[in-house]
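**Student:** This is what each chain is made of:
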Amino acid sequence: MTPSAADLIRVLPEIIWCGFGVLLMLLQPFLKNRQGLTLFAMVGAAAGTLATYFGQMGSGFFGLVQFDTYSLFFHWLVGLVAFLVILASDSYLERENLAPAEFYALILFATAGMGVLASAQELLTAFIGLEMSSISSYVLAGYRRDSVKSSESAVKYFLLGSFATAFFLYGIALVYGASGSTNLMQIASADPGSNLLRLGLALILVGLGFKVAAAPFQVWTPDVYEGAPTPVTALFAAGPKAATFALLLRIFTTIHAATDFWFWAFWILAVVTMFVGNLGALVQTNVKRMLAYSSIAHAGYTLVAFAAVTTMKLDPETGAAPAYAAVLFYLLGYSLVKVGAFTIVSEIGGQGERYLTLDDFAGLGTRQPLAAAAMTLFLLSLLGMPITAGFFGKFYVFKAAINSKLIWLVVLMTINTAIGAYYYLRVIVVMYMREHKGDVPADAATSLSPTAAMVVAVVALATLYLGLLPNHVLGIVLSQDLILSAR
Amino acid sequence: MVPTNYYLILSAILFGLGVLAFVFKRNIITIFMAIELMLNAVNLAFVAFSQALGKPDGEVFVLFVIVVAAAEAAVGLGIIILTARNRRSLNVERVDLLKL
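Protein chains in written order, with the numbering used here: chain R, 1 to 487; chain P, 1001 to 1100.
Hints in this document: simulated from the structure, not taken from any laboratory. From the three backbone atoms N, C-alpha and C, an ideal C-beta is built for every residue, glycine too. Be a bit skeptical, because a hint or two may be false.
Which chain R residues face chain P? A few, computed with CB under 7 angstroms, are given here [unchecked claim]:
id	residue
1	E131
2	L159
3	G180
4	W264
From chain P, some residues computed to sit far from chain R (all C-beta separations above 12 angstroms) [unchecked claim]:
id	residue
5	M1001
6	F1032
7	V1042
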């Protein structure tokens, strides 16, 4: 049983990402130049993403991984996020005087893990992917070694993350016991009424709920996001979250068993997560922490679309395609915007991340008009205003929920969007209408560094593109194999 | 021959003890040991199911879990040492800089 060459090419992106990670660490002693390493890491991220071009569609490694357009979409998403985060980290690493090679290598290892998550067709493979991305993330969270906050963030992430992993794994064990297999296709054909199977699936949901920061499993999120180096926070908010959602969607699309169980689980998770995220964000004065709570709220919005997927599956005519499209479109727009927003926060934060409060953003409209304009665009996108990616993301989620007749969920989501308006608009008001209290500190950033400006520009263009011409991406999203198979 | 259920009940008890220790213990190292206990409870369940189903793959999964747990331990202990150095304490109640 040796895997064929086609199988190896199906995991070529992961091989390239890991290979470049190892090479980066080997190059560290010889290449002292930070920019050279940044460029090398970016080439690695891009090469891995482009390598998806060679993969043949189909299942590889005896059903362990499934290379389809769905996994292709998420490979592009996590590859793009890694590329942008590496570019955005360049000036941060210089400012904080941190070693670049391991940092980039860990980002690439984590990205490889996310790639495995996106294409895993078997639960233990998914577990390995989850751990690849998590273990790299634990180290990245504590990368500012001298900072008490950063190490605290790492220890909290590590303890709670491993705790969640244990639940996920116990769920796999029970599902294995109930169905005799860990392959999703074979689990799907097991007796759906089995209590052991249901318990196992519930534990898997708990484990993955931790990783996507769905309430009530979200307690770690604000602390970890606030303490981690800001570019790393951008990665956490975008990549692992999207990849874990990808796995969650694949698991419960394939395993039709217990659809009513999944529906209520997603319904309750969505409502609790939206309220916890938005109400938590209301009282924050630290912008980085506020964005952390906002990412909890966004996990809640995504879960609304998940609940819509479950009810639409029951409808034989339309199928769940629009709800799937809503999840994918939402995750794409959300991930990119979060990377852009955290990049600006990272630049405004200055050395040692000291200027993160709302007061430090006061008067930004006059001091740094471009950064303030970009930040405004990102916040409006997170809020869901028209002409931004967030608008169509939210629009499709709303539409899917209404089509599934989830009226209460739609009402609660609207209330939450209104709560969200308060804290997103507050930042914009502070940036443009309030003067900085006292003198601006001499070491505060006066402009975005060129690399960060590039990231911000790319994300801003992508936000407008998705907001003005959503049809192109929507077409790609709607042609997914997974969606077609679920019709 | 001991019935499979006995192993599964033992595994559930071990997992539950791990959860309780995770929630109630205050020392970071002890909490970390609680996580290891939970992972080993899972291993026991895998082996028991593997035996009951007559399939060898459950035992192979255990090897994977052990390898991942070792990687996690290596990284985790590094992080714990880092925190201990920055904080001069291993009590989680004193790791409280980041709060609402």
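**Student:** The structure should be examined with respect to each hint, and the outcome stated for every one.
**Tutor:** A quick look at each hint next to the structure:
Taking 7 angstroms as the C-beta contact cut-off toward chain P, the hint placing E131 (chain R) at the interface holds, the least distance being around 5 angstroms. For L159 (chain R), the suggested interface contact is upheld, since its CB lies about 6 angstroms from the closest CB of chain P, less than 7 angstroms. Annotation: interface hint on G180 (chain R) holds; nearest CB of chain P at approximately 5 angstroms, less than 7 angstroms. Taken as an interface hint, W264 (chain R) does not check out: its beta carbon lies about 24 angstroms from the nearest beta carbon of chain P, beyond 7 angstroms.
With a least CB separation of 18 angstroms from chain R, M1001 (chain P) remains clear of the 12 angstroms interface cut-off, as annotated. Chain R draws F1032 (chain P) into its interface by the beta-carbon criterion, the shortest separation being 7 angstroms against a cut-off of 12 angstroms. Chain R draws V1042 (chain P) into its interface by the beta-carbon criterion, the shortest separation being 5 angstroms against a cut-off of 12 angstroms.
Violated hints, listed in ascending order, are 4, 6 and 7; each of the other numbered hints is respected by the structure.
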